[in-house]
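Here the protein sequences come in this chain order: P and L. Going by the numbering used here, the first sequence opens with residue 1, and the numbers climb by one from there. Going by the numbering used here, the second sequence opens with residue 1001, and the numbers climb by one from there.
Misleading hints may appear alongside valid ones.
[As the list claims (entries may be wrong)] Within a straight-line C-alpha distance of at most 30 Å, the following computed DSSO-like cross-link-like pairs (lysine-lysine) qualify:
hint : chain 1 : residue 1 : chain 2 : residue 2
1    : P       : Lys165    : L       : Lys1185
2    : L       : Lys1071   : P       : Lys165
3    : P       : Lys37     : L       : Lys1192
Hints were generated in silico from the structure; no laboratory data involved.
What follows is the residue order along each chain.
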Amino acid sequence: MIGTDLMLYEEDARRLAAVLQRLCEDSKSRAVFLIDKAGQLIASAGETANIDTTSLASLTAGNIAATGGLAQLLGEKEFSVLFHEGEKDHLHISVVGQRGILVVLFDRRSSLGLVRLRVKRAAEDIGRVFTEMAERTRQEAGRGRAAFQAQFAQITDEDIDNLFKG
Amino acid sequence: MSFINYAAREINCKLVYYGPGLCGKTTNLQFIYSRVEPSTKGKMISLATETDRTLFFDFLPLELGTIRGFKTRFHLYTVPGQVFYEASRKLILRGVDGVIFVADSQVERMESNIESLENLEANLAEQNLTLERLPFVLQYNKRDLPNVVPIEELQAALNPRNAPWFEACAPKGIGVFETLKGAAKLVLNELKKKT
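Chain P with its partners taken away, still in its complex shape (with noise of 0.2 Å):
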């Protein structure tokens, strides 16, 4: 599904959100995020509810791809993975199953090497959801298409126009 729509269906978010608590709860860290390399929130876990997600998930993409060009210009396939580190919280970032990326915050109740070891386990989850959501978006793209084409056929100019108002 790489380079096509990323579609989210409710099973599929669930077992995202597993992954990534268990992951926050493992890691001891304040918060998880899985995000789509084009800068989308797709799941999170922990502390969230102070953070501007929307943003956090823009900037890291923007970061990944800036580092992306970065090992391109070096003859690197890609740099993998960031640390941040700051006064308090810090920054774990990693590419997983090549269209997300997780980011994990962490002050020092957690450590380098512990969000580290936790992350791997982790990204061979989310690889192994991201692979199956491929598969199931290839097989099932006719009920998927039926779906959406439902509700997104009768979408009329209308429609549209609304949005702009008030």
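Assemble chain L onto chain P, guided by the hints.
Okay, now just chain L, sitting in the frame of chain P:
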């Protein structure tokens, strides 16, 4: 590459404002940001130099409302217009759903407009995209200035595809929402077509 979240019933699309340096891309976003209800917008992020030139991108998330039960969100990005930020421009175009090309209407900027449009086409081609296939609108900005090129000339030079176009004066907000709406309409119609 739109992101349709069935679980949260959301559609997320990415719109990119492209154009030569100082043509008014960031001004478009700033005007939208200033006029939209606080509840429907996120924070506007500008990664700019100390002299307010865009360094990497501006970003403005915008919630337009609900369409057929789906919350419709547009993520607006600008690219840095200056020629030497080429690498950054390419990155921002990744996963784009629609492009707004902001042209500077002043006579002396014609060459920069053409150069920037050619650059856009080349960068899209790297992603196997073309302006014919992608939702694309043009905005002829700075129409209030004295030394502007007539619309017919701008059209002939920049819009041989006859894409929707809008006249604008971004700092005053003239044409800003019309342009956004024109692009959003094309993106949503494209989404519809894909079904």
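Tested hints:
1. Lys165(P) / Lys1185(L): Roughly 14 Å separates the two Cα atoms, so the pair holds.
2. Lys1071(L) / Lys165(P): holds (15 Å)
3. Lys37(P) / Lys1192(L): Answer holds: lysine 37(P) to lysine 1192(L) is near 23 Å, not above 30 Å.
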